[in-house]
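Engineer: Put together the whole structure using the sequences plus the hints.
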Amino acid sequence: MLNLKKQKPLSKIIYFLFLLLILSGCWDQTKIDERAYVIAIGLDKGDNENQIKITYLITNPELSKQEGGSSNEPPREIITFQTNDLISAKDMANTVVAKEITYSQLGVFLVSEELAKDKDLIRWMYDATKDREIKRSTRFIVTKENASDFLKENQPKLETRIHKYFELILDDGIEKGYIPDSRLYGYFRITEADADLYLAIYGTTERNNSGQNHGDEDQFLAGELITEGQTNNTQFSGSAVFKEGKMVGKLNSEETRLSTILNESLNAEDMLTTFPDPFNEKYRITTRIMKKSKNKVKMNLKNGTPTIDVTIPLYIEVLSNHSMVNYAKNKEKRDYLKKYLDDRITSKFNNVVKRTQEEFKGQPFGWSLIGRKEFLTIPEYDNFDWMKTYPSMKVNISVEIKFGEFGRQSELPDLQEVRD
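Residues are numbered in our numbering as their position in the sequence shown, beginning at 1, plus a constant of 5.
One thing to keep in mind: the hints can contain errors.
[What the hints assert, rightly or not] What follows is a set of in silico ranges between Cβ atoms, one per label pair, in the way DEER data are often shown:
no. : residue 1 : residue 2 : range
1   : E119      : T316      : 22 to 32 Å
2   : K124      : E322      : 27 to 37 Å
3   : K334      : P396      : 41 to 51 Å
4   : D90       : T316      : 40 to 50 Å
5   : K297      : N335      : 18 to 28 Å
6   : K399      : D96       : 51 to 61 Å
7   : I127      : E337      : 52 to 62 Å
8   : T316      : T165      : 42 to 52 Å
9   : E385      : K303      : 14 to 24 Å
10  : I127      : E364      : 15 to 25 Å
11  : N300      : E322      : 13 to 23 Å
12  : T134      : D275      : 32 to 42 Å
[What the hints assert, rightly or not] Result set (DSBU-like, lysine-lysine): computed pairs, CA atoms no more than 30 Å apart in a straight line:
no. : residue 1 : residue 2
13  : K407      : K251
14  : K169      : K140
15  : K299      : K248
16  : K307      : K393
17  : K124      : K255
18  : K255      : K296
19  : K104      : K124
I should point out that these hints are in silico values taken from the structure, not numbers from a laboratory.
Every residue gets a Cβ at the ideal spot worked out from N, C-alpha and C, and that includes glycine.
Structural biologist: Here it is, written out as structure tokens:
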């Protein structure tokens, strides 16, 4: 009995110590409304050689707490200042921002085109690998103007939650193929591999009214799509091309779409585009292009001139037909249309491949990853030197087209009979 009485106080002490261990996890806890959540970080060239200008787009968590009620606080805050690095910038910002700066909700990383073309960009970019709060899956965007100006001028009309705006518009652009699915981990991986080119999302709030004067509506960059009305000036279209960590050029939206189809790691669900009508040049036919299976890529990298043979399976639906040709019932005209689209699409692929070989001296199609299995050892692969060898490679592109539906109502009436 005496032993039991002595054990009771001891068991209580152990119990209370256990509770203290559990509660200790809450001692350094910070409330949501005591933190400043950085949704986007923008980087620009600094006034001094070894400094950069950093811009924080900070969201207001009070909006999500209102549950339909109004708030007197603004939906966001923007702050720009000069700094030596990305890591110490958080503490510097807290001299102005009262709440604790955190990158835990960071979704967008922006770099101005001027800084992206600087050879020292990679030094600043690798700061992002040092901070535990910055996710490698953060989207990477290059802006035509300064990133600070872009974040100030970007004024969504329908979405006050700025983090949701970026998520929606970028996801939709990637799905349609107008922009690549560019993330920080892709930049680091491709830069370190030194075999491929990296494509980043290209965006701007500046309008270029001289753009989009050509017949092919897909051949435009961000800022060149002519719109009217009351809407946000921001546009995301096309891609910035990076070689060895530095921006070396741009691809328009059509070239970005073609690169997405050629690169198995950059998937787009379906693409709507138009082509001149082969039966009446006054009109254009609208098509939905889908790739339901993987490309067939064959390589011969050891005997003579290295060659790459790529066969692209495309599933095409014809959605508009202003010349009123009945493709559904006329096999001869349907075959002619297939041959016409085959030649035209193949020519576009060849043009973008030629440009990457002659202008960029590298390829953004991920072919180096496929080519690794052609070598027995890593030193053998390294000695091949993809970046140096690619410009002189022979690349053969072919397209396999399979038609789907010709619109919801595939049969069209005779135009003359309707008019009679």
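Engineer: Each hint: holds or not?
Structural biologist: Checked hints:
1. Taken as a hint, the range 22 to 32 Å is violated for the pair E119 and T316, whose Cβ atoms sit roughly 40 Å apart.
2. Here the CB-CB span from K124 to E322 is close to 46 Å, at odds with the stated 27 to 37 Å.
3. With their beta carbons about 48 Å apart, K334 and P396 fall inside the hinted range of 41 to 51 Å.
4. One distance hint, 40 to 50 Å for the beta-carbon pair D90 and T316, holds here, with the actual separation near 47 Å.
5. Distance hint for K297 and N335: a CB-CB separation of about 25 Å, consistent with the stated range 18 to 28 Å.
6. As the Cβ distance of K399 to D96 is approximately 55 Å, the hint placing it in 51 to 61 Å holds.
7. Checked against the hint of 52 to 62 Å, the pair I127 and E337 passes, with Cβ atoms roughly 57 Å apart.
8. Under the hint 42 to 52 Å, the C-beta atoms of T316 and T165, about 47 Å apart, fit the expected range.
9. Judged by the Cβ atoms, the range 14 to 24 Å given for E385 and K303 holds: they are separated by roughly 19 Å.
10. The given range of 15 to 25 Å is respected by I127 and E364, whose C-beta atoms sit roughly 21 Å from each other.
11. At about 20 Å, the CB distance of N300 to E322 agrees with the hint of 13 to 23 Å.
12. For T134 paired with D275, a C-beta distance near 35 Å keeps the hint of 32 to 42 Å intact.
13. Of the pairs offered as hints, the one joining K407 and K251 is violated, with about 39 Å between alpha carbons and a cut-off of 30 Å exceeded.
14. Distance check on the hinted pair: K169 and K140 sit about 17 Å apart at the alpha-carbon level, within 30 Å; holds.
15. This hinted pair checks out: K299 and K248 have alpha carbons roughly 26 Å apart, not beyond 30 Å.
16. Distance hint between K307 and K393 is fulfilled; the C-alpha atoms sit about 15 Å from each other, no more than 30 Å.
17. Our distance criterion of 30 Å between C-alpha atoms is met by K124 and K255, whose separation comes to about 17 Å.
18. Between K255 and K296 the alpha-carbon distance is near 24 Å, which keeps this suggested pair within the 30 Å criterion.
19. Distance check on the hinted pair: K104 and K124 sit about 35 Å apart at the alpha-carbon level, beyond 30 Å; violated.
Hints 1, 2, 13, 19, counting from the list given before, are not met by this structure.
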